[in-house]
Amino acid sequence: MNQSGSPAPVEGLYIQHQSWLRDWLRRKTGCPFDAADLTHDTYLKVLVREDDARTLREPRAYLTTIAHGLMVNLFRRRDIERAYLDSLALVQDAFAPSPERRALALEALIEIDRLLDGLPAKVRKAFLLAQLEGLRHGEIAERMQVSVSSVRQYLARAMQHCLAVW
Amino acid sequence: MSRRAAAQAELPQSVIREASIWFVRLGAEEATEEDGAACRRWVEADPLHRLAWDRVEMLGRQFGQVEPQAGLAVLDRVPSRGRRQALKALSLAVGLGGAAAAGLPWRAWTSDFGTVVGERRDATLSDGSVLTLNTDSAADVRFDADLRLIVQRRGELHIASHGDPHVPPRPLVVATPMGRVIALGTRFVVRLDDGEAWVAVTEGAVRIEPAAGGAGAARVVEAGAGTYFDERAVQAARPAPHADAWVRGALFADAMRLDAFAEELGRYRKGRLACDPSVAGLRISGSFPLGDTDRILAAVERALPVQARRYTRYWVVFGPRG
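Going line by line, the protein sequences match chains A and B. Take the first sequence: its position 151, counted from the start at 1, is 150 in numbering that gives the first Met the number 0, and no numbers get skipped. Take the second sequence: its position 213, counted from the start at 1, is 212 in numbering that gives the first Met the number 0, and no numbers get skipped.
To be clear, the hints were calculated from the coordinates, so they are not data collected in a lab. Hints are not guaranteed to be accurate.
Unchecked claim - Just the calculated beta-carbon pair ranges, DEER-fashion:
#1 B/256 with A/144: 34 to 44 Å
#2 B/222 with A/100: 41 to 51 Å
#3 A/147 with B/195: 29 to 39 Å
#4 B/301 with A/116: 48 to 58 Å
#5 B/53 with A/40: 51 to 61 Å
As the list claims (entries may be wrong) - A short list of chain A residues far from chain B (calculated; beta carbon distances all over 12 Å):
#6 57
#7 82
#8 83
#9 107
Claimed, not checked - Covered by chain A, according to a simulated footprint, are these stretches of chain B (three or more residues, beta-carbon under 8 Å):
#10 24-36
#11 48-62
#12 219-228
Using N, Cα and C, we set each Cβ at its ideal position, and we do this for glycine too.
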């Protein structure tokens, strides 16, 4: 009844829009299970920020913004997981990391990926070589065919970016 | 999760910039201990500096959870992809993930067997012999009808050789750039250093044939002894009682100088592990478990009047206490 204008408590948001949101998510994801999970997660997020929910002017836009963010995160996470498993497939079984190490590595990869998002390719590359391989600045310069001072600019920029989006 | 809690505080742009400059300065080849001390003063001058530096270090620890090759494969795939494009990219990645990963330069894994810094692994070969690779090592295994050949690419390996089930039995040979090491029924270690290789035997014996030395240069090394060799010659053997301690996950030191100990321990850690000249001559003894090198640093601090100063995750220096 109040698509815009009047207050919309979470219960109302849920009753009025949850099946619409789930349909919207099903169309976006093409998967009813993902749609159900993401609908649930979206309302969880809304609950945590209940103050906002009471003053909503466009509840569906609000819901889809949250849902879209969650969906992107879910797909990004799966994308990283798949790439990580692909990279392990090239390792001899005898040398593959343990399940515990894999889980820790995957969480770290997802977090690092989030922090690095949006960095230019060279900046990202230099930072990865420094942080993952522990390469010296001169070695990175050689590997990337750029000057040492460029490498240092890249590294500073990457770290600034990470600290800024933390 | 602790990271989420710490994430509440916003850092001012100026602090972010300064922390990033320190990060680069301390990572530089020419960084001195004064730089390290100056950075510490900066960190301690303001709680926001401390928070920024904690995040720099936290990020370093996150990277430490990931094997370098896997990390590069995953994080360096499609650079600078915005989150908004993630969905579009996903539809491509579903089909291309494997191919994209397979096209990468796998330095450590192009060898049949490889380890990264700090790692140790063993593998049972087709003849029953057990190959163990120490930290940051790689070897190819090439067995055919005539020869059990192991081509050592880098680092250090140990072989517990097994009688060959093949008839007739094939020789077991480790090929290095400096020459060949031939097992004479045995357990032994081969380690590649700059321009020379170290061989130590714990059981049986090996025959060393330097690559350019001719037949006269070959020598046999017996159990309990070790020696260096290069392309031309084999040095005189010397006692080497604990050369295979690493196979059991231990770093063994018998009144070892601290600078030599730091160099040895440094092989198991990424980055630099240095020793201040004022404490370089101190002696350390013991058997240290290699599983957690930070604990070894702490053990050294307890055993000797020294302090392990951590400037960054990749730069630790043993110096006088205080």
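Hint check:
1. B/256 with A/144: 34 to 44 Å: Between residue 256 of chain B and residue 144 of chain A, where Cβ atoms are some 40 Å apart, the hint holds.
2. B/222 with A/100: 41 to 51 Å: violated (36 Å)
3. A/147 with B/195: 29 to 39 Å: Between residue 147 of chain A and residue 195 of chain B, where Cβ atoms are some 30 Å apart, the hint holds.
4. B/301 with A/116: 48 to 58 Å: violated (43 Å)
5. B/53 with A/40: 51 to 61 Å: violated (30 Å)
6. 57: Non-interface label stands for residue 57 of chain A: nearest chain B Cβ at 20 Å, farther than 12 Å.
7. 82: violated (4 Å)
8. 83: violated (5 Å)
9. 107: Violated, since 4 Å does not exceed 12 Å.
10. 24-36: holds (count 3)
11. 48-62: holds (count 7)
12. 219-228: violated (count 0)
When each numbered hint is compared with the structure, violations occur for hints 2, 4, 5, 7, 8, 9, 12.
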